[in-house]
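Work out the full structure, taking the sequences as your base and the hints as a guide.
Each chain is listed here by its residues.
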Amino acid sequence: AQKITQTQPGMFVQEKEAVTLDCTYDTSDPSYGLFWYKQPSSGEMIFLIYQGSYDQQNATEGRYSLNFQKARKSANLVISASQLGDSAMYFCAMREGNTGTASKLTFGTGTRLQVTL
Amino acid sequence: AAGVIQSPRHLIKEKRETATLKCYPIPRHDTVYWYQQGPGQDPQFLISFYEKMQSDKGSIPDRFSAQQFSDYHSELNMSSLELGDSALYFCASSLEGRAHNEQFFGPGTRLTVL
Chain P
20 AQKITQTQPG MFVQEKEAVT LDCTYDTSDP SYGLFWYKQP SSGEMIFLIY QGSYDQQNAT
80 EGRYSLNFQK ARKSANLVIS ASQLGDSAMY FCAMREGNTG TASKLTFGTG TRLQVTL
Chain X
23 AAGVIQSPRH LIKEKRETAT LKCYPIPRHD TVYWYQQGPG QDPQFLISFY EKMQSDKGSI
83 PDRFSAQQFS DYHSELNMSS LELGDSALYF CASSLEGRAH NEQFFGPGTR LTVL
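These protein sequence lines map, in sequence, to chains P and X.
Take any residue in the first sequence, note its place counting from 1, add 19, and you have its number in our numbering.
Take any residue in the second sequence, note its place counting from 1, add 22, and you have its number in our numbering.
Certain hints may be false.
What the hints assert, rightly or not - Okay, the calculated beta carbon distance ranges per label pair:
no., chain 1, residue 1, chain 2, residue 2, range
1, X, Arg38, P, Gly29, 32 to 40 Å
2, X, Ser29, P, Lys35, 21 to 29 Å
3, X, Glu104, P, Lys35, 40 to 48 Å
4, X, Pro61, P, Ala37, 40 to 48 Å
5, X, Gly80, P, Tyr73, 24 to 32 Å
6, P, Glu34, X, Arg38, 31 to 39 Å
7, X, Leu105, P, Tyr73, 39 to 47 Å
8, P, Tyr73, X, Leu117, 36 to 44 Å
9, P, Asp74, X, Arg38, 23 to 31 Å
10, P, Phe66, X, Gly60, 20 to 28 Å
11, X, Glu124, P, Lys89, 18 to 26 Å
12, X, Gly25, P, Gln102, 17 to 25 Å
13, X, Gly25, P, Gly29, 24 to 32 Å
14, P, Thr79, X, Thr40, 44 to 52 Å
As the list claims (entries may be wrong) - Taking lysine to aspartate or glutamate pairs in the EDC-like style, the calculated list, with each CA pair at most 16 Å apart, reads:
no., chain 1, residue 1, chain 2, residue 2
15, P, Lys22, X, Asp64
16, X, Lys79, P, Glu115
17, P, Lys22, P, Asp41
18, X, Lys35, X, Asp93
19, P, Lys89, P, Asp48
20, P, Lys92, P, Glu115
Read the hints as simulated data drawn from the structure, not as lab findings.
Even for Gly, the Cβ is constructed at its ideal location relative to N, Cα and C.
Below you can see the structure in the form of C-alpha cells.
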C-alpha cells in the first residue's frame, strides 16, 4: 500500500483564491510527522509546513495551513490568497518514528498547482 | 541563513563512467540524507548518515556508495553509470532532536548520463 497518496495530479486556482491540496497517509506507527514541500520549475525543494502526529492543533505558516484529520489519516494543505508565484509542484511527505531518529521522508507523487489570473 | 550546499549543480557523464556528488550540510546539522528524483517522479530515499555513521539505507544500487566525513560533509559516489541514473540528486540535512526533524534540502545536482 502507498504510504502517501496524493490523488490530484494537477490543480488550477485563480489568483487570490484559496486552494486545498489533498494528502492521505498510511502508517501503523503512532509517532510520525507530515511535511509539505514546494518544488518550483527550477527544481529546489522548499519546506512549507509540518504537522506532528501528537500535535493538537492544525499547523499554520503564513498563507499555508494544514488540515490535519488524524482519524481519517489526511493532511491536506490549504493555500489562502493564491499568488502567481505559488505555481509549482507540491509534495506531501511523511517521517515515521520518533524525533531524535534519523528517519527518512517518504513522498507522495505530487500535485502540480497552476495559479491563473 | 546558510543553506545546504551541493556541488556540482549539473553533471554530464557517459555510460559506465563514475561520478561523485558532494553535499555540505547546514552548520551544526548532524544528519545528512540523499534522495534521487527521476524525471516526473517523486524523490526516493537512498541513504542517510547520523554523526558520520550510516543510519538508514533505501533503494540505493550496489554501484553507489556514500559516506559522511569528520566535517559532516557527505559524498555520494556512483560507478558504472547507467542511462537510468539520470536524475536530480538531493541532499538534505537536519538536526536530530529538534521538535520535528525538519529536513532542509539543497538545490540538487542534476546528473545526465549519455
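Verification of the hints:
no., hint, result
1, X/Arg38 to P/Gly29: 32 to 40 Å, "holds (38 Å)"
2, X/Ser29 to P/Lys35: 21 to 29 Å, "violated (40 Å)"
3, X/Glu104 to P/Lys35: 40 to 48 Å, "holds (47 Å)"
4, X/Pro61 to P/Ala37: 40 to 48 Å, "violated (31 Å)"
5, X/Gly80 to P/Tyr73: 24 to 32 Å, "holds (26 Å)"
6, P/Glu34 to X/Arg38: 31 to 39 Å, "violated (49 Å)"
7, X/Leu105 to P/Tyr73: 39 to 47 Å, "holds (45 Å)"
8, P/Tyr73 to X/Leu117: 36 to 44 Å, "violated (20 Å)"
9, P/Asp74 to X/Arg38: 23 to 31 Å, "violated (49 Å)"
10, P/Phe66 to X/Gly60: 20 to 28 Å, "holds (22 Å)"
11, X/Glu124 to P/Lys89: 18 to 26 Å, "holds (20 Å)"
12, X/Gly25 to P/Gln102: 17 to 25 Å, "holds (23 Å)"
13, X/Gly25 to P/Gly29: 24 to 32 Å, "holds (29 Å)"
14, P/Thr79 to X/Thr40: 44 to 52 Å, "holds (46 Å)"
15, P/Lys22 to X/Asp64, "holds (13 Å)"
16, X/Lys79 to P/Glu115, "holds (15 Å)"
17, P/Lys22 to P/Asp41, "holds (14 Å)"
18, X/Lys35 to X/Asp93, "violated (28 Å)"
19, P/Lys89 to P/Asp48, "holds (13 Å)"
20, P/Lys92 to P/Glu115, "holds (14 Å)"
When each numbered hint is compared with the structure, violations occur for hints 2, 4, 6, 8, 9, 18.
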